[in-house]
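K.L.:
Chains as they are written, first to last, in this note's numbering: chain A, 1348 to 1598; chain B, 75 to 331.
Hints may be right or wrong, so weigh each one.
As the list claims (entries may be wrong) - Listed below are the simulated DSS-like cross-link pairs for lysine-lysine, each with C-alpha atoms no more than 25 Å apart in a straight line:
#, chain 1, residue 1, chain 2, residue 2
1, B, Lys169, B, Lys210
2, B, Lys207, A, Lys1514
3, B, Lys194, B, Lys181
4, A, Lys1468, A, Lys1548
5, B, Lys154, A, Lys1596
6, B, Lys109, B, Lys262
7, B, Lys169, A, Lys1514
8, B, Lys85, B, Lys154
9, B, Lys169, B, Lys109
10, B, Lys169, A, Lys1596
11, B, Lys181, B, Lys207
12, B, Lys181, B, Lys262
13, B, Lys85, B, Lys291
14, A, Lys1514, B, Lys154
15, B, Lys194, B, Lys262
16, A, Lys1514, B, Lys210
17, B, Lys207, B, Lys186
18, B, Lys256, B, Lys291
19, A, Lys1514, B, Lys181
20, B, Lys186, B, Lys154
21, B, Lys109, B, Lys85
22, A, Lys1514, B, Lys186
23, B, Lys210, A, Lys1596
24, A, Lys1596, A, Lys1514
25, B, Lys194, A, Lys1514
Claimed, not checked - On the chain A side, residues computed to face chain B include the following (Cβ under 10 Å):
#, residue
26, Pro1449
27, Phe1463
28, Leu1497
29, Ala1500
30, Arg1502
31, Ala1506
32, Gly1507
33, Val1521
The hints are simulated quantities; they were obtained by calculation from the structure and are not laboratory data. Ideal Cβ placement from N, Cα and C applies to all residues, glycine included.
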Amino acid sequence: MSWKRLLPPVVLLLVWQGLSASGVIPAYKLPSPAAVADGLLDLIRTGMPPGHRLHVHIYYSVQRVLWGYALALLAAIPLGIFMGWSRTIRNLIEPLVEMIRPIPPLAWIPLAILWFGIGGKSAAFIIFLGAFFPILLNTISGVRSIDPVLIEAARVLNAGRRFIFLKVLVPGSVPSILTGMRIGIGIGWMTLVAAEFTGVKQGYGLGYMIMTARDIQRSDEIIAGMVVIGLIGLGIDACLRLAEQHLVKWR
Amino acid sequence: MALSLEISGLKKVYPGAAPEDNVQVFDRIDCIVEKGQFLTIVGPSGCGKTTLLRMIAGLEEITSGEIRLNGEHLNGCNEKVGMVFQEYALFPWRKLLPNIEIGLEIKGVPAKERRAEAMKYVGAFGLEGFENKYPKELSGGMKQRVAIARTLIANPQIVLMDEPFGSLDSQTRNTMQNFLLKIWAERKDTILFVTHNVDEAVYLSDRIAVLSPRPTKILRVFDVNLDRPRDRTSRETNRIRREILELLEHSEQYPCQ
Chain A
1348 MSWKRLLPPV VLLLVWQGLS ASGVIPAYKL PSPAAVADGL LDLIRTGMPP GHRLHVHIYY
1408 SVQRVLWGYA LALLAAIPLG IFMGWSRTIR NLIEPLVEMI RPIPPLAWIP LAILWFGIGG
1468 KSAAFIIFLG AFFPILLNTI SGVRSIDPVL IEAARVLNAG RRFIFLKVLV PGSVPSILTG
1528 MRIGIGIGWM TLVAAEFTGV KQGYGLGYMI MTARDIQRSD EIIAGMVVIG LIGLGIDACL
1588 RLAEQHLVKW R
Chain B
75 MALSLEISGL KKVYPGAAPE DNVQVFDRID CIVEKGQFLT IVGPSGCGKT TLLRMIAGLE
135 EITSGEIRLN GEHLNGCNEK VGMVFQEYAL FPWRKLLPNI EIGLEIKGVP AKERRAEAMK
195 YVGAFGLEGF ENKYPKELSG GMKQRVAIAR TLIANPQIVL MDEPFGSLDS QTRNTMQNFL
255 LKIWAERKDT ILFVTHNVDE AVYLSDRIAV LSPRPTKILR VFDVNLDRPR DRTSRETNRI
315 RREILELLEH SEQYPCQ
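The following block holds chain A by itself, in its conformation from the complex (with noise of 0.2 Å):
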């Protein structure tokens, strides 16, 4: 990376810097970026709320946005490679998927509430749905975008259903089930901090330590903790855009 694209990041944090230190932003409003580094320290070493430290948070949070993200991709892969190979399955399918995929993720977690009460669980559900929809969707056009010669040329080869199955449609459908895994993952993340404010009242996770430090003013841990969740988010990403990298070489 060059120099010249952190110049903007740099000269960002410089004027916000100054403003604080002027006196221009009130502290109480939008503490000084020296601040929300100390405060970063503070959650890293004593916690908030005080003994639950920052990095049992991330590994909680963590936690449940895998145990989303995963049923989502159990789920949503074959699904959408059945939906996307089957107009039988999908004209069946589709009408349900479109009635409820409008409904935003955080709207279910009154009911998530009811069903697996408040904690990881609730948290976990409200991912699922997040990363599902975006998943399923991409893994439906990743097999229709495959070109159907290939299918003909699997057949005339004698190939049975379940070989142009798992050795045509699945790999063909892998960079666009990948863009989905991206996209899923990236909703995943964003909804957790959400459900997490509402879904967790005690213990851990990175939305309830936000939530904490808001309950007693500490705007300096709330600015460290979405430091925090940007760049965690920013991590998954890069990891996943790796494995894209590496796993459709032939595109």
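Since the structure of chain A is provided, determine the placement of chain B on it from the hints.
P.N.:
Relative to chain A, chain B alone:
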């Protein structure tokens, strides 16, 4: 010579919304290909050359009539029928070797055996050094050689080729024609070849069937009794070319119905 492919009374109708909207593709096709013969079908575009191959390959329903291969009634896809597509139809996520092997993989041949078998084709088809390349890294001529190898490795009893050299430049096209003739001379496969290029048909084939516009039937079958290797510009070659071209032109002007 023994009969390989027998097509008798073949009809194809695409049903429309009402009976009068039906599209009749084939009026009635009768055709015989002998074992080891190279038969080429030429015809005006849209006359259903590809449809005919697809029906033999089992990719397209037959409205009526029958197709028999070595005496057996053909119905649906069958490992005895191989097909080479114009657009190569290589699996882009498979490297060259696994692309050649795929037919053996479908048959359940163990990995080691099929790799060894595919390597023979890599050698014979001049693909050495490209075994681990993806299709996107290969030239058009190479892709088509891979596609031909993939078809032949399964040892089909008849090889259908749908304008296999149609998207190649003329230089590569000539090279590939010679290459195909060399392979064919060694293996003596039965080949049913489709092209709209009359020069190509005359250069390659034992026999040439000329189709009419829709509703399609076979106008005439030419026997090409020229010695091989053939001269692309000899008087005899030109004579046959002219006859076929005249027939095609005539049929375009005065369609059968």
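K.L.:
Look at each hint and say if it fits the structure.
P.N.:
Now for the hints, and whether the structure bears them out:
1. B/Lys169 to B/Lys210: 10 Å, holds
2. B/Lys207 to A/Lys1514: 18 Å, holds
3. B/Lys194 to B/Lys181: Between B/Lys194 and B/Lys181 the Cα gap is close to 18 Å, so the pair holds against 25 Å.
4. A/Lys1468 to A/Lys1548: At roughly 13 Å apart (the allowed maximum being 25 Å), A/Lys1548 and A/Lys1468 satisfy the hint.
5. B/Lys154 to A/Lys1596: 34 Å, violated
6. B/Lys109 to B/Lys262: Distance ~8 Å between B/Lys109 and B/Lys262 Cα, so the pair holds.
7. B/Lys169 to A/Lys1514: Judged against 25 Å, a Cα distance of about 13 Å means the pair holds.
8. B/Lys85 to B/Lys154: 22 Å, holds
9. B/Lys169 to B/Lys109: Answer violated: B/Lys169 to B/Lys109 is near 33 Å, above 25 Å.
10. B/Lys169 to A/Lys1596: Given that 25 Å is the threshold and the Cα spacing comes to 11 Å, the pair holds.
11. B/Lys181 to B/Lys207: 24 Å, holds
12. B/Lys181 to B/Lys262: Holds, because 23 Å separates the two Cα atoms, which is no more than 25 Å.
13. B/Lys85 to B/Lys291: Given pair B/Lys85, B/Lys291 holds - Cα atoms ~10 Å apart, limit 25 Å.
14. A/Lys1514 to B/Lys154: 21 Å, holds
15. B/Lys194 to B/Lys262: 17 Å, holds
16. A/Lys1514 to B/Lys210: 19 Å, holds
17. B/Lys207 to B/Lys186: OK: B/Lys207 and B/Lys186 at ~19 Å, within 25 Å.
18. B/Lys256 to B/Lys291: 31 Å, violated
19. A/Lys1514 to B/Lys181: Since the Cα atoms of A/Lys1514 and B/Lys181 sit roughly 14 Å apart, the hinted pair holds (cutoff 25 Å).
20. B/Lys186 to B/Lys154: Status holds; Cα separation ~23 Å.
21. B/Lys109 to B/Lys85: Holds, because 24 Å separates the two Cα atoms, which is no more than 25 Å.
22. A/Lys1514 to B/Lys186: 19 Å, holds
23. B/Lys210 to A/Lys1596: Judged against 25 Å, a Cα distance of about 10 Å means the pair holds.
24. A/Lys1596 to A/Lys1514: Holds. A/Lys1596 to A/Lys1514 sits at ~17 Å (cutoff 25 Å).
25. B/Lys194 to A/Lys1514: The given pair, whose Cα atoms are some 24 Å apart, holds under the 25 Å limit.
26. Pro1449: 34 Å, violated
27. Phe1463: 39 Å, violated
28. Leu1497: 6 Å, holds
29. Ala1500: 4 Å, holds
30. Arg1502: This hint holds: A/Arg1502 lies near chain B, its Cβ roughly 5 Å from the closest one there, short of 10 Å.
31. Ala1506: 5 Å, holds
32. Gly1507: 8 Å, holds
33. Val1521: 7 Å, holds
Checked against the numbered hints listed earlier, the structure breaks hints 5, 9, 18, 26, 27; every other hint is satisfied.
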